[in-house]
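Okay, here's what each chain looks like letter by letter:
Number of protein chains: 8
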Amino acid sequence: MKQLRLVYSYYGWRARIGLLVPSVNVVMEPELNLMAPEGVSIHSSRLVISGPSSCESYAIMSAQAGEAASRLRLIDPTVMLFGCTSCSFIENEKEIRKKIEDETGVPVITTSGAVIRALKHLNVHSVAVATPYVNFVNEEEKNWLEAEGFTVADLQGLELGKDEYDRKLIGRQPAEIAYGLGSRVARSDPDCVFISCTNFATAPIIDALEADLGIPVITSNQASLWAALRTAGLKLSIEGYGSLLRTS
Amino acid sequence: MKQLRLVYSYYGWRARIGLLVPSVNVVMEPELNLMAPEGVSIHSSRLVISGPSSCESYAIMSAQAGEAASRLRLIDPTVMLFGCTSCSFIENEKEIRKKIEDETGVPVITTSGAVIRALKHLNVHSVAVATPYVNFVNEEEKNWLEAEGFTVADLQGLELGKDEYDRKLIGRQPAEIAYGLGSRVARSDPDCVFISCTNFATAPIIDALEADLGIPVITSNQASLWAALRTAGLKLSIEGYGSLLRTS
Amino acid sequence: MKQLRLVYSYYGWRARIGLLVPSVNVVMEPELNLMAPEGVSIHSSRLVISGPSSCESYAIMSAQAGEAASRLRLIDPTVMLFGCTSCSFIENEKEIRKKIEDETGVPVITTSGAVIRALKHLNVHSVAVATPYVNFVNEEEKNWLEAEGFTVADLQGLELGKDEYDRKLIGRQPAEIAYGLGSRVARSDPDCVFISCTNFATAPIIDALEADLGIPVITSNQASLWAALRTAGLKLSIEGYGSLLRTS
Amino acid sequence: MKQLRLVYSYYGWRARIGLLVPSVNVVMEPELNLMAPEGVSIHSSRLVISGPSSCESYAIMSAQAGEAASRLRLIDPTVMLFGCTSCSFIENEKEIRKKIEDETGVPVITTSGAVIRALKHLNVHSVAVATPYVNFVNEEEKNWLEAEGFTVADLQGLELGKDEYDRKLIGRQPAEIAYGLGSRVARSDPDCVFISCTNFATAPIIDALEADLGIPVITSNQASLWAALRTAGLKLSIEGYGSLLRTS
Amino acid sequence: MKQLRLVYSYYGWRARIGLLVPSVNVVMEPELNLMAPEGVSIHSSRLVISGPSSCESYAIMSAQAGEAASRLRLIDPTVMLFGCTSCSFIENEKEIRKKIEDETGVPVITTSGAVIRALKHLNVHSVAVATPYVNFVNEEEKNWLEAEGFTVADLQGLELGKDEYDRKLIGRQPAEIAYGLGSRVARSDPDCVFISCTNFATAPIIDALEADLGIPVITSNQASLWAALRTAGLKLSIEGYGSLLRTS
Amino acid sequence: MKQLRLVYSYYGWRARIGLLVPSVNVVMEPELNLMAPEGVSIHSSRLVISGPSSCESYAIMSAQAGEAASRLRLIDPTVMLFGCTSCSFIENEKEIRKKIEDETGVPVITTSGAVIRALKHLNVHSVAVATPYVNFVNEEEKNWLEAEGFTVADLQGLELGKDEYDRKLIGRQPAEIAYGLGSRVARSDPDCVFISCTNFATAPIIDALEADLGIPVITSNQASLWAALRTAGLKLSIEGYGSLLRTS
Amino acid sequence: MKQLRLVYSYYGWRARIGLLVPSVNVVMEPELNLMAPEGVSIHSSRLVISGPSSCESYAIMSAQAGEAASRLRLIDPTVMLFGCTSCSFIENEKEIRKKIEDETGVPVITTSGAVIRALKHLNVHSVAVATPYVNFVNEEEKNWLEAEGFTVADLQGLELGKDEYDRKLIGRQPAEIAYGLGSRVARSDPDCVFISCTNFATAPIIDALEADLGIPVITSNQASLWAALRTAGLKLSIEGYGSLLRTS
Amino acid sequence: MKQLRLVYSYYGWRARIGLLVPSVNVVMEPELNLMAPEGVSIHSSRLVISGPSSCESYAIMSAQAGEAASRLRLIDPTVMLFGCTSCSFIENEKEIRKKIEDETGVPVITTSGAVIRALKHLNVHSVAVATPYVNFVNEEEKNWLEAEGFTVADLQGLELGKDEYDRKLIGRQPAEIAYGLGSRVARSDPDCVFISCTNFATAPIIDALEADLGIPVITSNQASLWAALRTAGLKLSIEGYGSLLRTS
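Residue numbers (this note's numbering), protein chains in the order written: chain A, 1 to 248; chain B, 249 to 496; chain C, 497 to 744; chain D, 745 to 992; chain E, 993 to 1240; chain F, 1241 to 1488; chain G, 1489 to 1736; chain H, 1737 to 1984.
Same shape as in the complex, but just chain A:
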């Protein structure tokens, strides 16, 4: 039963999530800690990202997935989570997962994969998307969602990320800005609102936005946690962060 001793840890007795997070991100670690249930612990390793958002910056980030994952091997993670939405829909998501699984030997989730899984779980056909991104990322996002079979009812972005200062600003928006942007795209009468980006604060406004709109709201961090818990075999319900975590 030696193995069992390592399954258990005082804070992560239900699951330990190994998180790969972009170096600029100041939102995902606090939001996962806020939303995670008792007995689930979050442990992170950083992927270097620098300069303005570009194809190149994403390629550099995805290239680090294996090495960053190796730094989490010793925590005996229950599941690994690649926590960048845009990188995982611009770069090859399958390859990213492969690199991480090779290093850790446990199931791997990416944020973009989690979002698709969540949209399908909620039977969404038409989705309105709110993002903080610059335009080329927004276009990629639209293509990706349509390729996955969804109708994009609307997609608007804050257009932040042209330079390094500007990109940092994404992580400095109050969550209520995401509420405002989410409300705005919801006028397109979608089945669901999706607020994209793990560095865009949303956790405390998801319930309010769902109550006000009357439709489900998915966000990058919420969907990532949901998929990670499901992958770890946990079917529990979590209050306070939207219907996705509450009802599944």
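Don't take each hint at face value.
[Said to hold, decoys possible] Quick list of in silico lysine-lysine cross-link-like pairs, BS3-like style, CA-CA up to 30 Å:
| hint | chain 1 | residue 1 | chain 2 | residue 2 |
| --- | --- | --- | --- | --- |
| 1 | F | Lys1339 | C | Lys658 |
| 2 | B | Lys342 | B | Lys368 |
| 3 | F | Lys1382 | F | Lys1339 |
| 4 | A | Lys142 | C | Lys658 |
| 5 | G | Lys1656 | H | Lys1878 |
[Said to hold, decoys possible] Derived list of chain E stretches under chain C, where covered just means 3 residues or more per stretch with a C-beta under 8 Å from a C-beta of chain C:
| hint | region |
| --- | --- |
| 6 | 998 to 1012 |
| 7 | 1222 to 1236 |
Hints listed in this document are in silico derivations from the structure and should not be mistaken for laboratory results.
Nothing here was measured: the structure is a model prediction, and the numbers come from that model.
We put the CB at the ideal spot given by N, CA and C, even for glycine.
Chains B, C, D, E, F, G and H: place on chain A using the hints.
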């Protein structure tokens, strides 16, 4: 006022702590998140450590301080924290801090430095020490504390760390084991009990141990947070984790 | 995205309600603040009213609607609310709304319009009405409700408003007086009780009155808030102030 | 005892505060409602302000004081409050109070007067000031405080207000921005931090800022409420918004 | 509207219950106050009872109903309550009600009438009865319930009341004794347990007894309050004292 | 130990208070039940009072003290309380107590006696008095307090009681009216405010009035309970109803 | 009614459970006290067990059942509980019950009997079993469950109990170890997980494990309490320890 | 560190108390569980007692101390507690402790020893004693306390224990009876009240009795727990059960 926009972030509006944590550690991230006040966010980067505890394993870890710190530069940390107790009393603590400061340009705390600062803040002369370490680390710890001018009333360890499996076990002990070990060393009638190791769970039993013994209890994670907050200029009082965080 | 920055404000991130309130009113501002959900802020501008209740006093008040509304333009209101029940069923409600919309360019609600919308939302046919008004206003109220297609099962009033002192007294009644008056008119076995007047305190007794009578209770301030939130696109449920706000 | 009936109102049985607030302000009404104790109600009338901050804009605003106050006469206010900090230190504060008192016959407070009274109450000699203002207003503020006998240890502003859009932005900052600005000016080692402007959100961060700095924090809205309550004869203590409201 | 002013009182704004209570009773006033909802006040007048329980003692008590009721006329009761179970099933219940109504002009409830109404409301056919009474009262109780059309599955009593000391002991039993007695009679597999006597403490154990038995539990004080509230026109639900008050 | 069984009752295990209350009173029973600590029960018997307030009405009431008390003998009261302020300072207080003690054999408190004891307990020299009474009662009250050695700084009354309807109105005032009247008489700068009359609601505003004025506030019902508990030997502290009950 | 007096006790007014517990057990008494509802008290008598787990050690324990039970006769137990799972499936369960019933005259439950009853109550066909036992006990357990008609989907044990020290270790595992073991055996896709052994801590993780797995979880102590309460005639629902105690 | 594993158990990680309790006792186990802090577990073994209270019954009980203690050896108790007040002051307390220590090798407390230690800790000179005992036990108790150097201001007993039924009645009294008896003996103006007997419920009324009397109240179970915790080295403060547990 462009600069001010970057001081603020939704979860880290009081301070963002950049944390360097050993790759095997499963306790420090959850404990800092548990104890941190509203508005303080924790962001981590990992230092690879592998194999049994040895002089070499510590040297390898300290050598990574600069690169690991560079992965946290873009969060604009308020303060950096090197979160390994034994590495920072075995290796050259000053050099570790230098490497990290060179990369980030902000004040740097190490756990060993935080503990010394905390012991002095509480006017401790004689300290009893509880550790999970193997013996050679325990001896180094005794030497270090005596070199800093403290009397070590007693020092006992769980003697975990001989191989990789064994070292992982440190992070798998319930916090109540730390209570039992702390009670035991307190029979030496010290001014204070210090429970060493950032991978040894202690946060939920600190208050109980203080109430039962009638003397202050310092632990690696609690002292690290305390010193990080003070260095960030925050004088607030935190309830629930011992007199160090409550009264200073 | 410059526009989005103005949608957000720290207290009014869901909606900012621009309120036009009679100068004598001491109840509507506290009641709206009491009932409003987090993220909805109330900002008011006053309409001068003086002397006893009369046709003339109402005409003077409605004439000020445009100017008073202009004083709220700069808050970028989500919705405007004309908060006088009797003025908006005695004077031309459509014209009042027009004047305000011309100044602010956003949707406009009047209390009388809100009440009609609420009665229809609850499928009410027969309504019993409790008012603090003098008789000529009571008669106008009965005509108005009948003209809108409702049966008035009973209508009783406190008969306050003959002179200025007397009119002020409306705003000085404890809410429990409204409970007593509401109970009394409910003996006529209506579908619903409507307690009229935005200067007549009712918020804390609505739930009790509904529980005791077993039918919905509508009041001027509750219906005004309900309609304003709906017009702002918010479908949330609010606890504590009757079934109208709870279930819709 | 006819008079006593008018002293009482259901929500304002302790005091009714008549508030004059600039038309652009979206913060003062919610903050006063948030901080006010049970039995104190807030009723407002707006002063038109438009265009960029300038000497002229302030003169226009102060000229409206009497008429705006007259719209609050019928609520029988316990005390009147002129709620614009900069207007009341740039324009003649005594004359503003005179106009309002002439219309209402009750005691009058201005925000600038309230701040001076609060600083003296806390025995402050040296004050550090955080503002959202453009520079010419900041200079006027420094002169005013020095003329009142205080040392201004530091004064920094967000420099918002150059045009109408920019001025609106003051009311759209999250309160945590005020925390960051307050922390920064506090490095000058003052007796007290004063965060100026009734349209700058601060209420939820005052306690945190005091705890972190270890000195009192005064803000325009907090000081205005404090002075209004004292003037109304209420000596009660209010928790949650700094030592000024708690201890006096 | 002069009349309305007397309907309202600060504590009894929903209803004022005029209570006639035997002089020896130490349970009914505290239990009614415990169970009554906000806005319902209890006001009592005593009926002299002395010596052992006997036909004569009951006759003396019922003879006082009119005079005792007259002492409650000035409170403008919403409903009158004759609060002795056994007296109201041994003596002529209709006459008792008549005397009280003649004095007060408002609807009158007796405890025995309330119990019958409650049993019918819950569709009870077979009832098990727990009492503190001496045997002759128990026999009368059985006859009464059977005459009303119920099957008495079992009836057991504490047999207290042989002399004045003994009768006082009824009012000195802990409520948990009523639980034990109620459990015992429930072995007869009835539809409902009825615990008789307004001087027998039961309120805090009703919910537990219902949960443990799985059938409704009626007690004299609970049924009296229920019938009084219904007679006063209040249909509200009360938590904590059994299904009768909760669901009707 | 037979005696001990009667000391105990389920709701009155600390003390049972036998209360004599004027028939018109709708406030004293709910207020005593509100303020009484766990284990203290209130049991009442009514004194008939009718018509307008007059010397004769008081004489009739005091004459009933003995008989009304006899109706409470069987509850084995711990202490008896004669609950009419004005009757006990207009009529002979000593004789009233004598009659009641003769019937019950236990210690007796009157409201007027309780007030004097409370004023002395708080070292009051100068008292401001708020009453709902007509003038002849107010004059008697002033004489009584001065005869007891106190300075009456101010005394104002609502002047209710000229006829039976008017007297009932005393019991129909919201407690906040007492706050307003108490604030007003406090302008005379007394050591203490006393709000007289057991039928005048005050309990929920005592703490607020003390906080706002900064001096103790005594009311008839609060002082009656305080004296009854002290006479029963209970030294406990009660929160929420002023310093008299809290600190003694 | 003398008998009734003995049914009641202050802490055990609903039921008193007489518990026979192995001398080494450190978990069952705290867990029963934790889960038991108000009014149910636990009283224990110990069965000596020593040395490693063996057929002989179980025979010695079962032989003591009668004498140990006799030490609980005077508490007038409502129900007796033989609290060792393995002893009651290895030894003759019927005989154990007989011995205890002969001494006490009240209904007797054994843990193994309780588990079978619980499995049937939940309509379980296939069960996965987690134990702390050595292998020979695990085999006996499998045989027993299959003999009772259940499919054992999986059965894994911690294999503790080879010597006395090792057996004590069962009682020293954190409850989260039981969670981990329960999760593991649940991969066999059973109807239900059963965690065996009254000395194996489980109470605080039952709800979490059920939420995560989506199937019922039965544990030895939970099922023992459930069966004891049902046998005592209590049908109440208990929150916090799994669906068995909640819904039955 | 093998030993440390046995110090820890999930419920008894601070201390495990081994309790010897008379077989008739139905109060001590629930009261210790009620008052014990988190992490302290209670494990009991019973001493047979039968028939009426007599010298012989006590001798039989004390003779069993060793064997009963041996049944608790395997829990590795932190401290042993002999839980019968009268037996430990009538029989030789030193010998009882010797027998238990010989079997378990850990420190031993008796209730009588705990009471003496508590009285001295509180600096008591004169004590009033309330007991449920028959007279010969009361006399022994008085002699014992005087021999220990205390003045017995008063001593009264319920005189229960003449036969077995009567003795069981001690354990069936509500705690409020102890309040009444404690109040009565307190009239002798002692320094402290001591309520004797571990089978006499007192825990929930200790705080109330202290508040009402203004002096400390010691009871057998409270003092036993206090002494056991102190002997186990725990200095913590416990709320809710008198000043002894709160302040020491």
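- Item | Broken hints, by number | Violated: hints 1, 4, 5.
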